[in-house]
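Colleague: Going line by line, the protein sequences match chains F and G. Note that the working numbering gives residue 171 to position 163 of the first sequence, counting from 1, and the numbers run on in steps of one. Note that the working numbering gives residue 257 to position 249 of the second sequence, counting from 1, and the numbers run on in steps of one.
No lab work stands behind these hints, which were simulated from the structure alone. Be a bit skeptical, because a hint or two may be false.
Identical chains blur together in the list; that is why a pair holds if it fits in one copy or across any two.
In silico lysine to aspartate or glutamate, EDC-like type, Cα no more than 20 Å apart, as pairs [unchecked claim]:
hint: 1; residue 1: Lys42; residue 2: Glu111
hint: 2; residue 1: Lys131; residue 2: Glu251
hint: 3; residue 1: Lys359; residue 2: Glu259
hint: 4; residue 1: Lys431; residue 2: Glu323
hint: 5; residue 1: Lys180; residue 2: Asp70
hint: 6; residue 1: Lys550; residue 2: Asp515
hint: 7; residue 1: Lys269; residue 2: Asp466
Below, each chain spelled out in residue letters.
Protein chains: 2
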Amino acid sequence: MRQSEMLLPTLKEVPADADISSHQLLIRAGFIRKVAAGMYSFLPIGNRVLRNVEAIVREEMDKARAHEMNMTVLQPAEWWQETGRWHSYGPELMRMQDRHEREFALGATHEEEITAIIRDEVKSYKQLPLTLYQIQSKFRDEKRPRFGLLRGREFLMKDAYSFHGSYESLDKAYERMFQAYTNIFSRLGLNFRAVIADSGEMGGKDNHEFMVLSDVGEDTIAYSDTSRYAANIEMAPVEQTYETSTEEPKELEKVATPNCKTMAEAADALGHTLAEGIKALMFNVDGKLVMVLTRGDHEVNDVKLKNLYDADMIELASEEETRNALGTGFGSVGPINVSDDVEIVADNAVKAMVNVTCGANEDGYHFTHVTPDHDFNVSHYADLRFIQEGDPSPDGQGTIQFAKGIEVGHVFKLGTRYAEPMKAKFLDENGKANTVIMGCYGIGISRTLASIVEQYHDEKGITWPSNIAPYKVHLLALNIKKEEQQELAERIYSKLQDAGVDVLFDDRKERAGVKFADSDLVGIPLRITVGKRAAEGVVEMKERHSGEQDEVEEKEILDRITSFLKQS
Amino acid sequence: MRQSEMLLPTLKEVPADADISSHQLLIRAGFIRKVAAGMYSFLPIGNRVLRNVEAIVREEMDKARAHEMNMTVLQPAEWWQETGRWHSYGPELMRMQDRHEREFALGATHEEEITAIIRDEVKSYKQLPLTLYQIQSKFRDEKRPRFGLLRGREFLMKDAYSFHGSYESLDKAYERMFQAYTNIFSRLGLNFRAVIADSGEMGGKDNHEFMVLSDVGEDTIAYSDTSRYAANIEMAPVEQTYETSTEEPKELEKVATPNCKTMAEAADALGHTLAEGIKALMFNVDGKLVMVLTRGDHEVNDVKLKNLYDADMIELASEEETRNALGTGFGSVGPINVSDDVEIVADNAVKAMVNVTCGANEDGYHFTHVTPDHDFNVSHYADLRFIQEGDPSPDGQGTIQFAKGIEVGHVFKLGTRYAEPMKAKFLDENGKANTVIMGCYGIGISRTLASIVEQYHDEKGITWPSNIAPYKVHLLALNIKKEEQQELAERIYSKLQDAGVDVLFDDRKERAGVKFADSDLVGIPLRITVGKRAAEGVVEMKERHSGEQDEVEEKEILDRITSFLKQS
Chain F
9 MRQSEMLLPT LKEVPADADI SSHQLLIRAG FIRKVAAGMY SFLPIGNRVL RNVEAIVREE
69 MDKARAHEMN MTVLQPAEWW QETGRWHSYG PELMRMQDRH EREFALGATH EEEITAIIRD
129 EVKSYKQLPL TLYQIQSKFR DEKRPRFGLL RGREFLMKDA YSFHGSYESL DKAYERMFQA
189 YTNIFSRLGL NFRAVIADSG EMGGKDNHEF MVLSDVGEDT IAYSDTSRYA ANIEMAPVEQ
249 TYETSTEEPK ELEKVATPNC KTMAEAADAL GHTLAEGIKA LMFNVDGKLV MVLTRGDHEV
309 NDVKLKNLYD ADMIELASEE ETRNALGTGF GSVGPINVSD DVEIVADNAV KAMVNVTCGA
369 NEDGYHFTHV TPDHDFNVSH YADLRFIQEG DPSPDGQGTI QFAKGIEVGH VFKLGTRYAE
429 PMKAKFLDEN GKANTVIMGC YGIGISRTLA SIVEQYHDEK GITWPSNIAP YKVHLLALNI
489 KKEEQQELAE RIYSKLQDAG VDVLFDDRKE RAGVKFADSD LVGIPLRITV GKRAAEGVVE
549 MKERHSGEQD EVEEKEILDR ITSFLKQS
Chain G
9 MRQSEMLLPT LKEVPADADI SSHQLLIRAG FIRKVAAGMY SFLPIGNRVL RNVEAIVREE
69 MDKARAHEMN MTVLQPAEWW QETGRWHSYG PELMRMQDRH EREFALGATH EEEITAIIRD
129 EVKSYKQLPL TLYQIQSKFR DEKRPRFGLL RGREFLMKDA YSFHGSYESL DKAYERMFQA
189 YTNIFSRLGL NFRAVIADSG EMGGKDNHEF MVLSDVGEDT IAYSDTSRYA ANIEMAPVEQ
249 TYETSTEEPK ELEKVATPNC KTMAEAADAL GHTLAEGIKA LMFNVDGKLV MVLTRGDHEV
309 NDVKLKNLYD ADMIELASEE ETRNALGTGF GSVGPINVSD DVEIVADNAV KAMVNVTCGA
369 NEDGYHFTHV TPDHDFNVSH YADLRFIQEG DPSPDGQGTI QFAKGIEVGH VFKLGTRYAE
429 PMKAKFLDEN GKANTVIMGC YGIGISRTLA SIVEQYHDEK GITWPSNIAP YKVHLLALNI
489 KKEEQQELAE RIYSKLQDAG VDVLFDDRKE RAGVKFADSD LVGIPLRITV GKRAAEGVVE
549 MKERHSGEQD EVEEKEILDR ITSFLKQS
């Protein structure tokens, strides 16, 4: 492509409303333009990358035996009313009325529409399983659209849905999709993790978010520094084994700790580390008071507590509730001398503690020389704390690190969440009507594109991985007015085109400085510069990512490109 | 693809609301499903055809140096207000409000958005010309959506826009696009015409609609039976030369024609053909009365009359106006004894008439032996009539035929219609600000798909042309329970897949009759049936379109497929 014929407007200035690198660079390099808050049009060079990402997604979806289809953007309100989401989706669901005042949703996602189709078309177990997908613009009226393509209101998504007669069949499709997602994000060159996600109210443990690691991410991930293990921090089990001290339990001693309201203040006053004190918190679990103990340097993970009790609702007890039950305020809560009405549960780490401190259930006092099971009883020991950096990874490999992540994909076992209210049923082998079982699988295509830029850029611009770069080669004729430069550049351009190499040819009448800066900004992996040594048939070749450069003779160019593309 | 794993629901019954073949067959064969009036989702097999059509469109667009981009569906109302279309587009423009009550249009077309982008990004003549396109869902709230994909409310469109510094540059782009469209519809195997279209209020003669000839079309086209000439009937000039009779003009004679209100009644009463009488109609042209004469068997083309006078408004005069001017009602209007206030113009055919009849400007009377220029004067002779079937084609080749057409494409020189109100300007070579000149070029992708079905079907189903067929080969195992059939079919299936042949394998546990009927309905060009002679390694091969069939040995299959695909 000749750059002189293309709409590729670059900007020197950083756009005022662009806070993060991908947003800034995609605008500056002419890939996208803002239409309204959270809505972007893709200019030609941006569209090329989008289509390259799409192609990889399609290949892997097809390989995973998903079949592409194409649903409507507009969806009748009735379907969303059947699942209750017409109401529960809230203002994020964009809506419109047609000329007959019939209401429609602008597709935020397509569970309703696909389930409506399946309900009409699938009658028998013989037609199952099925996995269907599409790549399409989606609409979500985010309250605070921001970060360019990362949180948009109109964005491109690949959404897939699978339908099954049994959970075993769903498990298989889920596994295939999981593998497809792993392949996709690996092929896109992303540093990502498949993260065990909170299943929220959907139930079912199989629910993974694919997160690209990035400081601009809005989620925190706990991941292993050596294996593929990763989870949302609230979902990560703690598999640490705690060694019990061989020290003999000493006699309890009550110590004044005036004005100590927090664990840290008490530890300071008593002259020990946080890890040498027991932290006790009172929770209200479905209306019942429970005391939860952790080591002083640990935090209670309320998801784990909730799961332990299979509770509908848990919350921290108020100071008043605490005082009523224990006779003390927040500063001195402890497990010793507690009435039988209050159940005491403790994180596994507490079991290993010997001769430590805890609140004395008396304002301004703590006990020292406290040893669990010696000085008080615990109903249950369980994994009740948040995982921490440095903890062993739950899969037994490596150590936990924290990172911020951008969610680019999500695979989810929905079960009958949609098929049930929409009455999508099939007849099984015995002629019995069963509700269809469902999975859903999404990838934010435009968000993924932005995530790639977050991981592939430097101070000068984008550094696209070759397989999704808008062009493989950027050919620069430094001074198009010099005949020998123009001739050589044109010759190389034709040759590369004939060889089927995707090449962008900067044939503009611009200064060399402008061309170099634009080229760095746009980020095509390999640059060929036709400059001063054109008369000798020598050009400069530079790899955008590594910065390596070299002078190359005309006749070697094609081989060099081929070998670069092969290795990259 | 294994049919057993696919969502390909066929129907025996014709859907109640489907009036035309493409609508019926696309539903029955499992290509599309209705979501709401004028809105259809494409099931996997339909999506495959859609993508095949898209691929051809893309190839030809890219060859025509158009660059693909991807604009938003949602467009801020402000842009449409700038061009006045927020109001003038009326209820066909779908609209919505976001959570902040900001108004948006759902893209019915993208002149506004692309012009807004060009206005911001194109500053200099150096950046022009540019041609940009996208393939995207469009939204138009048709009052009467009907005929399935032919008149939908949400449909897939390729829309292209070109921008220029001069009209010469626009002409070149227009020509390239015209050629691209010709290539596209030819490659799609369509019987179509590029039709000279009414330019409406846009001005400029270069405005072509690409019409697929079809009885279900809503437009009438006049086309040559031997050349590529075609025009909307109102746009076709009449190039007929009329031979003047050598007969001497006779004396006028006034004849009573009581109760003759129409030309046909008068001709009957006077005992001659329609072609032997002069028809005279009074028109109000920008407030001035004009008498328009045509041969009795011709019809006045008001577009031509309007162009003759370069008028803003023309309409047929009322009977009262006629009587005031001539002293007679509609039945006896004629050009003899008319006051000088009424200008008389006549179609070229009238000049050749000798000794014919006309109204006598007296109720119930006609003149006979009337000869123009002998018995009355004519201000102008011009081409003022509608072309008719049997007329010579205006391009001098062949004879005019009429046909109904489906508009599948439109190329249009817009000039400054959008750039002017949106103030899209560029600096020319002399540093002077000029308004950008624009062309637009649309193809209804989903409508084109339906047009193909209109031209490619028989009583059993669709007969897809090979290059856009969803699969090239339909492999049927007639009785999957018979081991030799299953084995042979599986062997052929693997072989075809390895050879990269797009094959749909009907491996379902269905009766042979069902499989044959479904196969005919779906319309894949080549069918391979593994049946009774499976044990001998012999299959049946049948061409869907021609119906030709043949028995083929296993080892010949691939060669036969290759040669079929080459020739088709």
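Colleague: Give the relationship of Lys431 and Glu323 under a CA distance limit of 20 Å: within one copy only, between copies only, both, or neither.
Modeller: neither (36 Å within a copy, 60 Å between copies)
Colleague: What label fits Lys269 with Asp466 when the C-alpha limit is 20 Å: within, between, both, or neither?
Modeller: The answer is neither: 47 Å in one copy and 86 Å across copies each exceed 20 Å.
Colleague: Is it within, between, both, or neither for Lys359 and Glu259, if the alpha carbons may be no more than 20 Å apart?
Modeller: within (18 Å within a copy, 130 Å between copies)
Colleague: Classify it for me, Lys550 with Asp515: is the Cα-Cα distance of at most 20 Å met within a copy, between copies, both or neither?
Modeller: This pair counts as within: shortest intra-copy Cα distance 18 Å, inter-copy 54 Å.
Colleague: How would you classify Lys131 and Glu251 at a CA-CA limit of 20 Å: within, between, both, or neither?
Modeller: neither (58 Å within a copy, 72 Å between copies)
Colleague: With identical chains, the pair Lys180 and Asp70 could be close in the same copy or across copies; at 20 Å between alpha carbons, which is it: within, between, both, or neither?
Modeller: within (16 Å within a copy, 41 Å between copies)
Colleague: Are the CA atoms of Lys42 and Glu111 at most 20 Å apart within a copy, between copies, both, or neither?
Modeller: between (28 Å within a copy, 16 Å between copies)
Comparing the model with each earlier hint shows violations of hints 2, 4, 7; every other hint is respected.
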